[in-house]
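Here's the letter readout for the chains.
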Amino acid sequence: MGYVEYELSPSAYVKVMLHVMKYPSLAVNGVLVGPKIATPSGEEPVKASVVDAVPLFHGQLSLAPLTEIALTQVESYFAEKGLCIIGYYHANERLGDADFGSVARKIADRIFANCPNSCALLVDTDKLEKLMTTPTIAVKLFTRAGPKWRSAESGDELKLSAPSTLSILADYLGENRHKRICDFGEHLEDLTRDWLNPNIMD
Amino acid sequence: DSSGSSTPTHTSKRTKDTHIMALRSKVENMHYLEDQLVSGHSSSATIQKYLREVREQKLRRSELVAKYGDKLIDSGRLGAEEMWLVHEQVIIAALDVQDIAIAKKCLTKLMKKFPESVRVGRLRGMALEATGNWAEAKTLYEGLLEQMPTNGPILKRKAAVERSMGNPKGAIDALNDYLTVFMADTDAWSELVDIYTENELYANAAFCMEEVITAAPHNYLHHLRYAEILYTWGGPDNLRTARKYFATAVELTSGGSVRALYGLWACAKAVNSLKGTQKQPEDESELLELSGKQLIQLYKQKCPEKVAIVQKMVQAA
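For the protein sequence lines, the chains are A and B, in the order given. Just so you know, we're using this note's numbering here: the first sequence kicks off at 2 and counts up by one. Just so you know, we're using this note's numbering here: the second sequence kicks off at -13 and counts up by one.
Be aware that a few hints might be false.
Chain B is faced by these chain A residues, among others (derived, beta-carbon under 10 Å) [to be verified]: (1) Lys23; (2) Ser63; (3) Val75; (4) Ser162; (5) Ala163; (6) Leu167; (7) Ile169; (8) Asp195.
Keep in mind the hints are simulated off the structure, nothing from the lab. Glycine included, C-beta positions come from ideal geometry on N, C-alpha and C.
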């Protein structure tokens, strides 16, 4: 059966991880952006390019009003560029918590309603310790199977588009670049801070 | 460090620092001190000032506190009382950034100096927590509570362990035990709001939030948080009440809080869509328009590139 192969650009993966590392004691979430995903038909996998990530919030993620506003604005901004929200990412607060919980599912469902074939990434907290030394992909892919989100079994469904991504992240963490990343929540506190993070990969 | 100056340069630097700090807000002071530390001007005096500010403002700056606090302890600058406060502060910070070696070093000294202390016992428990030894931490806290059954900080640690273990029910029970004795502790009520909210128990979260608001009704953050909980909980009555609390938050900040304005805007929109389901239809169009206008005004001043996105959102209402 055909399936979707999600490919993360360096910008997407690095922004997710910088966001996670900026708030080590909090849950964080955000969205993944890319061109619309074709529906798989037949046996061949369909490629989905995740070209960017937008960090949304840190701390209390279950409150609705600002989440809705953030999603509306992000959708609106990227629609003008021919892109859509094609996924959701989430990092739980506690080390070792591998649950794709109810709050995460709700937001992922909302995104799925607008973008069939969207995915979700749950940060693998066990992998965080080695991000600067012997890094591996520190996120797990979840996709919708019927009404439920389930963890992808094979490793084929999630890839990094560039092999240098992991070492780029390690370098950035070494220079404390995670302190500079800005999420929508931070933007609300200070409008001059930009959730697009246009220069974070420079 | 001598209190009277020995050289003119030494005096003038100290005077300049004090003068600068007096003129700046607390937040700016912190940034100033942090810049000093990080750029290599980490004199014992600066570190001492920094750690004091962190203690007084109850901030979480564990990376810097652990690193420079350790240096400060070794510098010999600290007087008797502050010495042990700083030890405690450095232990907690070191545990927070998983520098178990520094934590254990300071903890050993504290245990030697205060062998019977329940306060030091708490730090021993936190060291166990930081290394994931939940069961041992719990046992230790229970032992300490036998010595001092109403020790607030230890009761709170019990709740912290449960929360760290991913056991919200245990944390809620422990916090409720704590609040039976210390019912005026707003932080504890606030922690309960957090736990209830993340477990989507909005009715309970709202109840606890009311306690927090009652304790500090002038703080817009509480009204805002309450409003967001009610909005998330949903339903016509909650939306109407939420609208009032969003409005209060906007009022308390004179329209300066973007978060409050967005909340008010979203809520007014939601209440308007209830129109026709009530005997007395309410019309929040005025608030909807005002909050939208104020948002666009703020964006024009501080974030002109995103004015278009906000305008689009507001016009679609």
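For each hint, the structure was consulted:
no.: 1; hint: Lys23; verdict: 12 Å, violated
no.: 2; hint: Ser63; verdict: 6 Å, holds
no.: 3; hint: Val75; verdict: 9 Å, holds
no.: 4; hint: Ser162; verdict: 28 Å, violated
no.: 5; hint: Ala163; verdict: 28 Å, violated
no.: 6; hint: Leu167; verdict: 22 Å, violated
no.: 7; hint: Ile169; verdict: 23 Å, violated
no.: 8; hint: Asp195; verdict: 8 Å, holds
In summary, the structure is inconsistent with hints 1, 4, 5, 6 and 7 from the numbered list given earlier, while agreeing with the others.
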